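Participant: Work out the full structure: start from the sequences and follow the hints.
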Amino acid sequence: MEQGTNIIELKHITKTYKDGFSAVSDFNLEVKKGEFVTFLGPSGCGKTTTLRMIAGFDLPTEGEILLNGEPITALPPNERPINTVFQRYALFPHMNIYENIAFGLRQKKTPKSIIVKKVKKVLELVDLEGFEKRSIDTLSGGQQQRVAIARAVVNEPQILLLDEPLGALDLKMRKEMQLELKEMHKELGITFIYVTHDQEEALTMSDKIVVMAEGKMQQIGTPEDIYNEPANAFVADFIGDSNIFNGIMTGKLKARFCGGEFVCVDDVETGTHITAVVRPEDVVLTSPEKGKIRGIVTSVIFKGMHYEITVESGKNEIVAQSVNCAIVGEHVGVNVEPDNIHIMIAEDHTNIFAAEINKNNELAYNGTVLNVPLTNIIKGSREEDGVLFDASGSEIDLKKIRIKISIRPQDIEMTDEQEDGLVKGYISNLIYKGDHYSYVIHTDLEQDFVVDDEYLWNMDDQVGLLMPVEKMIFTVKK
Amino acid sequence: MHKFMFSRKNLGIPYGLFLAVFVMAPLLVLIYFAFTNGQGEFTLLNLTGFFSDPNTLGTLCYSFGIAAVTTAVCLLLAYPAAYILATSRLKAKSVIVLLFIMPMWINFSLRITALKEILTWAEGSLAYHPFLNTVLGMSYDFLPFMILPIYTTISKMDEALLEAARDLGAGGLQAFLKVTLPLSLPGIISGVSMVFLPAMTNYVVLDMLYNSTYIMGSLIGSYFASYNWHGGSMIALILLGIVCLFTLMTRGIEEENTRGGMLL
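Sequence lines, in order, name chains A and B. Numbering of the first sequence is given in the working numbering, commencing with residue 3 and proceeding in unit increments. Numbering of the second sequence is given in the working numbering, commencing with residue 14 and proceeding in unit increments.
If you're looking for bench data, these hints aren't it; they were derived computationally from the structure. All values reported here derive from a predicted model rather than from experimental measurement. Fair warning: there could be bad hints in the mix.
Some chain B residues near chain A, calculated using beta-carbon distances under 7 Å [claimed, not checked]: (1) G51; (2) G53; (3) M170; (4) A173; (5) E176; (6) D180; (7) A183; (8) L194; (9) P195; (10) P199.
In silico DSS-like cross-links for lysine-lysine, where the CA-CA straight-line distance does not exceed 25 Å [stated by the list, open to error]: (11) K22(B) with K20(A); (12) K20(A) with K106(B); (13) K401(A) with K361(A); (14) K473(A) with K426(A); (15) K361(A) with K381(A); (16) K13(A) with K35(A).
The beta carbon of each residue, even a glycine, is placed where N, CA and C say it ideally should be.
Facilitator: And the structure:
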């Protein structure tokens, strides 16, 4: 297959529904002939809508779709040389397998002798030789999936669209089909556009991944690019497991996050607020004296190929993957190679930190009770005799849930009366932002808080942080 | 002592009794009368009599004709209505469906009386077009029974199937003929059997519209009115046979349809 020419181009595609909801906004994409492109994102990110616009089921409100340089934006689906494998297969239940697969060829008035040959060949391709006469409902999910693929592929489309085709299959079957689809892509040389919310599937199969969120493209690149160099915190969080820390550049190739100063390879201006991403497999656990930061192992989970070890350092949590086991309660040191720290310039400086739940089922931070009942935070829950029950009436194990607090920099106030603050610390950095100063306060709990203030404070000032409870946003993590 | 045990089986007793008293017993009585004469002796005369009497055969054909035409009219009216209702994205959809069903809540004789007045006004006298009037009356009466099952099957249909057809190169009409129509067949079949069978025997509409022609229902009525229980029973039995045959036929089509045979 000749590589290099664009088979399909999406230019400034926007889809807005009548109620004002924007499913896709200003989406631009070029797909080269023969590529395997995957749209990856959580549900509701606009990936299926984009696919449907390429197929012709939905019309974009703005923008243009070009196929081989020709505009096809308004062409009905039956006039596009594009075929789709639907999420729930959409096989015709009143036709047998042969008739299902022959449907497209019959529409094109292909002679019967050729149809018979093509159906036979495509059934061989999907490993269902001799299944012509079988009816749809005698097939397993995996077999129906193969028929759906065969029905689309037999038309020799220029582009094959696959809308979460493996979503309904069990794990083992899914893994098998992933490899088979990849093989099929190589064999047929057709351009594949694949939609999935499964990051592993996307990483395994694609030549190119388009990560989407809230109708916008977050990043486009090869699986390696996306995994190693995520463009923002969303991509880092969505692709693989990540440790994500807020931090600040403290010098040339030096970044401070997670209570330690690390050498990194990304050259970002000193004083910039950053988000640092470290993959769990890149976290190196050593003895406490050798580590850049120290912590205590809080959980060890065996995952087959490795152990997943959670280390608590101050108020930060670091997840590590290691082939060596660790013991809960053990003191360890944590190191990360400069190469393995991925630095992104932070646009959003929201402070995120963990809250505690005390013995009386009250939310607390740094020993201070926050005046918010847990029943307000956990949706649908109620308290009876000191025990919390969820919406379905079963008891909530408070040891198993974690509550994160997020608060914006402008909602935190600094005070000289250190003891009045929820937490105290010193100003470790400040930058003038035009109409206000942005401060970094390093707290006694080894955490960095970003605080916006219009007045000038001095470096190393000892301050207390006042955080109004009503400005806090709580998220529950199980 | 044998204690009465409450089991699931016992729950079936009232139902069994009901079946025995109200279904099996009348059927046996019907069969007994159909194959006996006034003296209680076995005879096939009732059967041969029915098929050798041109009047009764004529009535059978007339009934069949009325039922067939009524069913066809209902289908032609109901399918587009049901299709449009099921596929439109109208917010007032349920209200419109309700409008079609609402006449069913009004007393049937009242409806036919109203129709009678309209027809008399339009045609001058009901006597001019007895067949047409009967078909109109029955279609009006049975239309909701045709719309509802078709509407249900079409609205339950997976929209992705139509998209798949379009995706595979079928235009709007082709997609309808190859996918929507065959898949709405179960709805059509149940609609047809809910209209055709009652239309064959419902003589109230005829009566009320002053159609003096007999159909099967009125024929049985007249036999019983003149105390010919044996002849009447035989006609009822024959009608029952036709109904059974029809039901078996439609079930056959349905089964073949679900098995994946091509119908169109």
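Participant: Against this structure, judge whether each hint is valid.
Facilitator: Here's how the hints hold up against the structure:
1. Interface restraint check: G51(B) against chain A, minimum CB-CB distance 54 Å, threshold 7 Å, status violated.
2. Hint status for G53(B): violated, given a least beta-carbon distance of 53 Å to chain A, over 7 Å.
3. Taken as an interface hint, M170(B) does not check out: its beta carbon lies about 10 Å from the nearest beta carbon of chain A, beyond 7 Å.
4. The restraint placing A173(B) at the interface with chain A holds, with a minimum CB-CB distance near 4 Å, inside the 7 Å limit.
5. The criterion of a C-beta within 7 Å of any C-beta in chain A is met by E176(B), whose closest approach is roughly 6 Å, and the hint holds.
6. For D180(B), the interface hint holds, since its Cβ comes within 7 Å of a Cβ in chain A; the closest pair sits about 5 Å apart.
7. Nearest Cβ of chain A to the Cβ of A183(B): about 5 Å, under the 7 Å cut. The hint holds.
8. Because the closest C-beta pair between L194(B) and chain A is about 10 Å apart, greater than 7 Å, the hint is violated.
9. Checking P195(B) against chain A: minimum C-beta separation of about 5 Å stays under 7 Å; hint holds.
10. The beta carbon of P199(B) is not positioned within 7 Å of any beta carbon in chain A (closest approach about 10 Å), and the interface hint is therefore violated.
11. With a CA separation close to 57 Å, the supplied pair K22(B) and K20(A) exceeds the 25 Å bound.
12. Distance check on the hinted pair: K20(A) and K106(B) sit about 19 Å apart at the alpha-carbon level, within 25 Å; holds.
13. Restraint check for K401(A) and K361(A): satisfied, since their Cα atoms lie roughly 11 Å apart, inside the 25 Å limit.
14. Restraint check for K473(A) and K426(A): the C-alpha separation of about 19 Å stays at or below 25 Å, so the hint holds.
15. With a C-alpha separation of about 21 Å, the suggested pair K361(A) and K381(A) falls inside the 25 Å cut-off, and the hint holds.
16. A distance of roughly 17 Å separates the Cα atoms of K13(A) and K35(A); the hinted pair therefore holds under the 25 Å criterion.
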